[in-house]
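Listed below are the residues making up each chain.
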Amino acid sequence: MSMLVPFGPQHPVLPEPLQLRLELSDEKVISALPVIGYVHRGLERLAEQKDFIQDTYLIERVCGICSFIHSMTYCMGIEEMMNIAVPPRALYLRTVWSELHRMHSHLLALGLLADAFGFENLFYSLWRIREEIMDAMEATTGGRVMLGSCCIGGVRKDIDPAQAQFVLEKLANVERALKRPAEVLIGDYTVKQRLVGVGVIDGKKAYELGAVGPTLRGSGVLRDHRTTGYAAYGELDFEPVVEQDGDCYARTLVRIGELRQSIALVRQALGKLPDSELKTPFKGNPEGEVAVRAEQPRGEVLYYLRGNGTDKLERLRIRTPTFANIAPLLTMLVGCNLADVAVIILSIDPCISCTER
Amino acid sequence: MRLFSIFKDILSSLVQGPVTRDYPAHPRAPFPGTRGKLVIDETKCIYCGMCARKCPAHALTVTRKPDQEWRFERFRCILCGACVENCPKKCLALVDRNAPDPAAPK
Numbered sequence: 000m001s002m003l004v005p006f007g008p009q010h011p012v013l014p015e016p017l018q019l020r021l022e023l024s025d026e027k028v029i030s031a032l033p034v035i036g037y038v039h040r041g042l043e044r045l046a047e048q049k050d051f052i053q054d055t056y057l058i059e060r061v062c063g064i065c066s067f068i069h070s071m072t073y074c075m076g077i078e079e080m081m082n083i084a085v086p087p088r089a090l091y092l093r094t095v096w097s098e099l100h101r102m103h104s105h106l107l108a109l110g111l112l113a114d115a116f117g118f119e120n121l122f123y124s125l126w127r128i129r130e131e132i133m134d135a136m137e138a139t140t141g142g143r144v145m146l147g148s149c150c151i152g153g154v155r156k157d158i159d160p161a162q163a164q165f166v167l168e169k170l171a172n173v174e175r176a177l178k179r180p181a182e183v184l185i186g187d188y189t190v191k192q193r194l195v196g197v198g199v200i201d202g203k204k205a206y207e208l209g210a211v212g213p214t215l216r217g218s219g220v221l222r223d224h225r226t227t228g229y230a231a232y233g234e235l236d237f238e239p240v241v242e243q244d245g246d247c248y249a250r251t252l253v254r255i256g257e258l259r260q261s262i263a264l265v266r267q268a269l270g271k272l273p274d275s276e277l278k279t280p281f282k283g284n285p286e287g288e289v290a291v292r293a294e295q296p297r298g299e300v301l302y303y304l305r306g307n308g309t310d311k312l313e314r315l316r317i318r319t320p321t322f323a324n325i326a327p328l329l330t331m332l333v334g335c336n337l338a339d340v341a342v343i344i345l346s347i348d349p350c351i352s353c354t355e356r
Numbered sequence: 000m001r002l003f004s005i006f007k008d009i010l011s012s013l014v015q016g017p018v019t020r021d022y023p024a025h026p027r028a029p030f031p032g033t034r035g036k037l038v039i040d041e042t043k044c045i046y047c048g049m050c051a052r053k054c055p056a057h058a059l060t061v062t063r064k065p066d067q068e069w070r071f072e073r074f075r076c077i078l079c080g081a082c083v084e085n086c087p088k089k090c091l092a093l094v095d096r097n098a099p100d101p102a103a104p105k
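Sequence order for the protein chains is A and B. Numbering (numbering that gives the first Met the number 0) for the first sequence: 0 to 356. Numbering (numbering that gives the first Met the number 0) for the second sequence: 0 to 105.
These are calculated hints, taken from the structure and not from any lab test. Heads up, a few of these hints could be off.
As the list claims (entries may be wrong) - A few chain B residues that face chain A, going by a derived Cβ cut-off under 10 Å, partial list only:
| no. | residue |
| --- | --- |
| 1 | R1 |
| 2 | S4 |
| 3 | I5 |
| 4 | K7 |
| 5 | F30 |
| 6 | G32 |
| 7 | G35 |
| 8 | K53 |
| 9 | A56 |
| 10 | I77 |
| 11 | C86 |
| 12 | C90 |
| 13 | L93 |
| 14 | N97 |
| 15 | D100 |
Please read all numbers here as calculations on a predicted model, not as lab measurements. Ideal Cβ placement from N, Cα and C applies to all residues, glycine included.
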């Protein structure tokens with residue numbers, strides 16, 4: 000006999016309100032049905048009521064974790080529509096802030112995952128490291144999370160040599176501090192018992208269900224939108240991190256690998272920072288339609304923008320990575336134990352506020 | 000098989016002392032350029048209303064002549080700095096949130 004158990008929206012391990020209606024047979028999950036809509040804010044509609052320059056600040060508030068990448072993707076879309084060429088220094092600075100965001104997001108996700116399997120100490124350690132990144136962001140832009148540094152045509156803030164040095168010092172601290180928690184996450188027996196072989200999804204299935212980001216790369220599919228070379232990624236040297244097993248452990252390894260990769264990418268970008276203007280002035284209003292994508296910490300985000308020649312956009316549509324990862328999540332949950340549900344949910348790093356906008 | 004590998008971390012944390020500060024008795028020193036709160040030097044303001052037009056959160060209301068009033072709803076402000084950038088007289092600034100407010104104009 001099966002029974003229906005509501006998991007969430009208020010649950011100790013869930014950082015954001017997502018409900019999963021779990022059909023259980025004893026301790027095993029037979030099926031899962033998601034219920035979303037608890038934090039819908041009507042942000043797309045609001046964006047149509049403000050002018051397209053004010054929208055830059057609004058779009059940044061879609062997500063409280065990858066805020067900069069949201070505003071950057073939006074600006075990339077408007078720039079494509081209005082044929083604005085962004086100065087090279089601005090592209091490099093965008094890359095630096097994107098990677099800082101990726102690092103703080105992955106540290107947050109790994110910490111929450113540790114919390115989900117009951118490893119409080121590891122959770123504290125990872126979040127303590129995250130503060131170094133937050134300091135680097137506040138020192139360079141004036142804001143910890145809402146950087147507000149991206150604008151249409153370039154960036155609003157510069158990183159001077161002293162600030163670059165500060166960021167590099169913080170990166171060295173992160174690299175040093177990350178060693179022990181990474182050792183625990185990768186090698187500790189108790190952690191492996193909770194992650195290895197849990198929430199398995201093979202590459203083909205993940206691809207068919209539309210998985211993105213570390214969820215897809217953890218299943219052996221090399222798909223990272225940064226390889227298309229937007230911002231300054233085309234001029235930087237990096238290889239996407241891919242793991243084969245498709246379980247929670249593989250997804251964790253991808254995030255740890257990407258943390259180290261982001262440190263290297265920020266160092267490369269700051270080392271090569273070209274001298275140029277920070278933004279290109281522009282006139283007029285956006286007209287036409289454009290779809291633009293970027294790689295967020297959780298995966299690929301898609302923006303669809305349609306302008307009609309006025310200062311207000313006719314339509315703005317955002318498809319966030321978590322939305323794409325919910326269908327694979329439901330497949331991962333089938334057949335797992337109830338005690339593993341929290342770990343599997345946190346292994347895709349869900350961002351519900353982002354998804355519901 | 001590695002067990003209790005977090006213990007090294009715990010032991011070093013035991014001798015290091017707390018990493019947190021005794022807030023609010025000891026607040027952290029602000030970073031230069033931190034966006035803590037919006038302040039205005041009203042002696043320089045020409046009440047042109049540019050800040051209010053650019054504000055994405057509609058936190059500012061400017062009344063032009065003859066009343067000449069600059070009103071700010073602090074709880075609506077999202078500290079983006081759009082007003083500071085667009086002010087023609089540069090009388091607006093974002094400062095540390097613990098900084099003292101400038102004296103009100105007479």
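Going through the earlier hints one by one, which of them does the structure break, listed in rising order?
11, 12, 14, 15
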